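Respectively, the protein sequence lines represent chains E and R.
Taking this note's numbering, the leading residue of the first sequence gets 1, the next gets one more, and so forth.
Taking this note's numbering, the leading residue of the second sequence gets 1, the next gets one more, and so forth.
Everything labelled a hint here was simulated from the structure, so no lab data went into it.
Since the model is a prediction, treat every value here as computed from it, not as a measurement.
One or more of the hints may lead you astray.
Examples of chain R residues lying across from chain E (beta carbon under 8 Å, computed) [to be verified]:
1) Leu45
2) Leu90
3) Phe105
Which chain R residues stay away from chain E? Per the calculated CB distances, all over 12 Å, these [as the list claims (entries may be wrong)]:
4) Leu11
5) Gly16
6) Pro75
7) Thr79
8) Ala81
9) Thr86
Stretches of chain E that chain R covers, calculated by requiring three or more beta carbons in the stretch to come under 8 Å of a beta carbon on chain R [said to hold, decoys possible]:
10) 30-44
11) 79-93
12) 101-111
For each residue, glycine too, the CB sits at the ideal point set by N, CA and C.
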Amino acid sequence: GNSVTQMEGPVTLSEEAFLTINCTYTATGYPSLFWYVQYPGEGLQLLLKATKADDKGSNKGFEATYRKETTSFHLEKGSVQVSDSAVYFCALSDQGGANNLFFGTGTRLTVIP
Amino acid sequence: DGGITQSPKYLFRKEGQNVTLSCEQNLNHDAMYWYRQDPGQGLRLIYYSQIVNDFQKGDIAEGYSVSREKKESFPLTVTSAQKNPTAFYLCASSNDRQANYGYTFGSGTRLTVV
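Same shape as in the complex, but just chain E:
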C-alpha cells in the first residue's frame, strides 16, 4: 500500500540554521511527491512538488529531491527564518486511479531569533 513516514517533531532551530526534515515513502507505483506547509490556524499550502525520480522541487528557498533508490523526499533549507515556523507535511499521490493524497503526520518547526 501507500504510506508516508516523516521525522518526529517538534524541531527547534535558531535563525539562519540549516533545516532537514526527513520523509520516506512506500508506494505501489510511481507516485508524485509533495511538501505542504501549514501556518497556525490556516489550511495547507503547497510548498513544492516532484513528479518523477531525480526531479528536484524548489520554492522559497526550500528544496527536495525525489530519490527512488532510497524512497525519500527530504525537505531542506539552507538558512531558516522565523517566518518559516509552521507544520510541514510530506505527501504522495496515488496514481492508481483514486487520485488521493497520502499524508505524513506532519513536523512542527519553530525558528527562534
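The hints should help you fit chain R onto chain E, whose structure is shown.
Quick look at chain R alone, frame taken from chain E:
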C-alpha cells in the same frame, strides 16, 4: 482569484446537534475532499467525491455525511453519531486529470463541542 472557501471559520456545536460545514470552490476542479485534523495525528480522510452526485467514504466516515449536488460545492454534515467531533476540518479540491499537481486547500473550519 480562484480558490476554495470554507465557512464558518469557527463553529460551536451542542451535544446531540447536527452541524453542516460549507466548502465552495471556483477552480472548476472535478474532485473534492474532506479531512479531519487532530493535534499530532496529521490529516485523516473523511469523504471524497470525484464527480457530481457521487462520493466515497474515506478512512473515518462514521458519524459524517456529505452531498455533491453541484460541482462547486461539497458540504460536510457532522451528525450526532460522531462522538468526538471537536477538530479542525479541511476541505480540498483537485483537477482529477492532473493528479500530479496535488490539492488546493481551504483555510479550514474549527469545530468545538460545547
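Query - Ascending list of hint numbers which this structure does not respect - result: none
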